[in-house]
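A.B. asks: Put chain D on the given structure of chain C with help from the hints.
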Amino acid sequence: MTPDQLASLSDNLFSISIALYSLAMVAFCAQLAFGRRTTRTRELVGAGGPPAASPEATTGAGEDGRGRRWGVIALGLTALGALAHGAVLITRGLATDRLPWGNMYEFSTATVLVAVVAYLVFAVRTPGLRHIGLFVLAPVVLAMVLIGLFLYAEAGPLVAALRSYWLAIHVSTAIIGFGIFFVSGIASVLYLVRVRYEERVAAGEEPGGLLSRLPGAAVLDRVAHRTAVFGFPIWTFTVIAGAIWAEAAWGRFWGWDPKETWAFIAWVVYAAYLHARTTAGWRGRPAAWVNVVGLGVMIFNLTFVNMVSTGLHSYAGVS
Amino acid sequence: MSTIAPPRPPAAPVPSAPRRATGLLLRWWRRLTAMRTAIVLLFLLALAAVPGSLLPQRSLSQNNVRQYFTDHPTLAPWLDRLFLFDVFSSPWFAAVYLLLFVSLIGCVLPRGLEHFRAMRAAPPPAPRNLLRLPDSGTLSTQLTGPEALDVVEEELRVRRFRVVRREGELSAEKGYLKETGNLLFHLSLIALLLGLAGGKLWGYEGSILVTEGQGFCNSFQQYDTHSSGPLVDSGDLSPLCVDLEDFRAEYEENLTAASFTADIAYGAPGEEGRTTTIGVNEPLRLDGDRVYTTGHGFSPTFTVTRPDGTALEDVSVPFLPVDQATMASEGALKVPDLGGDGEDQLAVRGFFAPTGLIQGGILTSVDPRPLAPQVAIQAFQGYLGLDSGIPQSVYSLDSRQIDRGSLTEVGAANLSVGESMTLPDGTTIAFTGYRQFAAFQFSHDPGQVWVLASSIAMLTGLLGMLLLRRERVFARAVAGARDGGTVLTLASLTRGSGESAPRFAALTDDLGAALGTRAPEPEDHPRDT
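Residue numbers (the UniProt record's numbering), protein chains in the order written: chain C, 1 to 319; chain D, 1 to 529.
It is worth saying that the hints were derived from the structure and are not from the lab. Idealized CB from N, CA, C, for every residue including glycine. Possibly wrong hints are sitting among the right ones.
What the hints assert, rightly or not - So the derived list for chain C, only partly shown, Cβ under 7 Å to chain D, looks like this:
| no. | residue |
| --- | --- |
| 1 | Thr236 |
| 2 | Ile240 |
| 3 | Ala248 |
| 4 | Thr261 |
| 5 | His275 |
| 6 | Thr279 |
Chain C with its partners taken away, still in its complex shape (with noise of 0.2 Å):
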């Protein structure tokens, strides 16, 4: 195929990825609707979680039949629309001959196929988070339209500066820190949408609906730990790899650059989140609000910072 084919099929490619993942909104809907499941509610003694004693949603295995066969078509589906989204970024790479992300658009594209990664890694491994699954495709199908209309670049060679081996260390890990944050706070949205469920549940009121349908939250709280506690390290990473390549591109390792500094202000506030989630007095929800702040923050960086301010990092080939 000649390169102009690949980075048409590469096009369509992402239509297609949209359409399986708003398919498999659609069968996660289908099984939270159908899908009616006798919740039992244990005890939960964990040394992350809250103090308090939380009703935690089971396993699938009280599911009945239908809402489960949903669950596992809307898992299948997810999992189709990964492949397609893999092969979106798969034909760009080939069609421009490097790695496909030299702008905003592959940037983004990226980030979102690691969080639905991250995901599919949790809901094979703990069955019980499958059913987040709707919240994590509605707002990955809301980034991808968005990155669509907005964020589109044809594919192109990239700039001299770009031309480097520390662009597949330091932006790769730019793309799976960033993806990891966005399922940490994910959770911690949830997390607190929860636990203020759960209050009026213990507070004898039913409130019903979806939210009864979400994973305790004490496991929700430990999900957003844990990818954060994955994606620092990896975040640090990236700051450092950028500051050493900073030092080779642009005669510094560091010049707070609107870039660096948005990049040092998400390490900070991912640090404070990590430091908060093991003192009294900010654990649970002060906490969880941290991880919030954090996402905001790196979305900010993502998308403010790209689009609006003028530095260094001016890679969005955005018009």
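C.D. replies: For chain D alone, kept in the frame of chain C given last:
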């Protein structure tokens, strides 16, 4: 994390003033080094960095700051008073990170001492009620108490626990490296800050534009702009001269810049230089110094001939690019001393297009490659004021001199290579060609290696701290009630990642099996609460 303060003794009736002051200081110190304060300070640090990315910063672009002052004449001076254009060197930013580091030191040093003691001390005795610990269970065996504990000790030692036996019980611990990693991470942050500070104090950098065939030596007098730390002795810079022999810019078909490379010769002054090629992402690295090419452009060459025949041949001046995509550039040629007296100096203001296109008499550039170079020039005569002592840019004419009338326009033309224009007084200005120039940056940062080493140590510490587990296991042997065997109570305490319950269950199973192979009649009832 602060250790919990011991309960304070009941206050003495009236403490003396100095003691009161010490008590107050101690209280403030405790408050500052508490984890809660550290989290707040981390937030403040993040918050303090925000304006540095949203407002123009002098350290990044003086021009943008000047522009901001023009656009916001009333607001800007106020922001400036709050150091908002120099956020990262402002006293309040320094206050936040210094407080954070004091808090960090106050927290990490006691922890370090504690850790050092803990590493040398035996694991603590088992708590009285083991079954209250998060992970606990019991095993029964036919072995006697000491024999059963022997088996447990052996199994734990194989798992690299440090084990201490006490009367009828056993304490084991492993994972000290977790805390070591934690301390390494935090101490590396301090080392990193010191490395940064060292680089700021003893580092310097200078930039200069060099046209092909010319060069520069490392001294502050030569640089167009330079900055240096307060402890830099300007007479003691590394002796190095760099000559630019050839510069190449390559482009893809769609005019994306593919590479910029400069062939240079470098060496000590007066020495036969060594040649090398530097470019984007590939600076010249010498012991502690680096030379970068940070930009490029064109230096058109002109020959100016007076009516009396005196000529200035092939003078080249760097024209600064105003558009990187097409390399359209602007610059000025100042000829103060060719013939004529003080009031008859010549100056040329010009626009250079590597590939020119003239539409309606206006020259524009359509391609960054020099395919059809053209210049649009305006010639001025009058007094340039170069000897007035007022500094002026070599890259542009001072428009105030034109407004004031000390320079008068005497001609304008669009020229291709080889063409010339004649001024009313008979002087000719010929556009003879172009050379390329490179923007060089010379950097000296002695702190950089330390910053890199601290960063690597920091990452190592971080990985140890986040991935390792600190585990304590306790076992107590009590004679069984019914059949004379022994009941072992096991418990573990874990700090760190992952879930501890499955691992404890696995350990209990292994211990049960190990006990079983030793005992005549294995009979174990693992219980996991």
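A.B. asks: Now tell me if each hint is right for this structure.
C.D. replies: Evaluation of the provided hints:
{"no.": "1", "hint": "Thr236", "verdict": "6 Å, holds"}
{"no.": "2", "hint": "Ile240", "verdict": "5 Å, holds"}
{"no.": "3", "hint": "Ala248", "verdict": "5 Å, holds"}
{"no.": "4", "hint": "Thr261", "verdict": "4 Å, holds"}
{"no.": "5", "hint": "His275", "verdict": "5 Å, holds"}
{"no.": "6", "hint": "Thr279", "verdict": "5 Å, holds"}
Going through the hint list in order, the structure satisfies each hint without exception.
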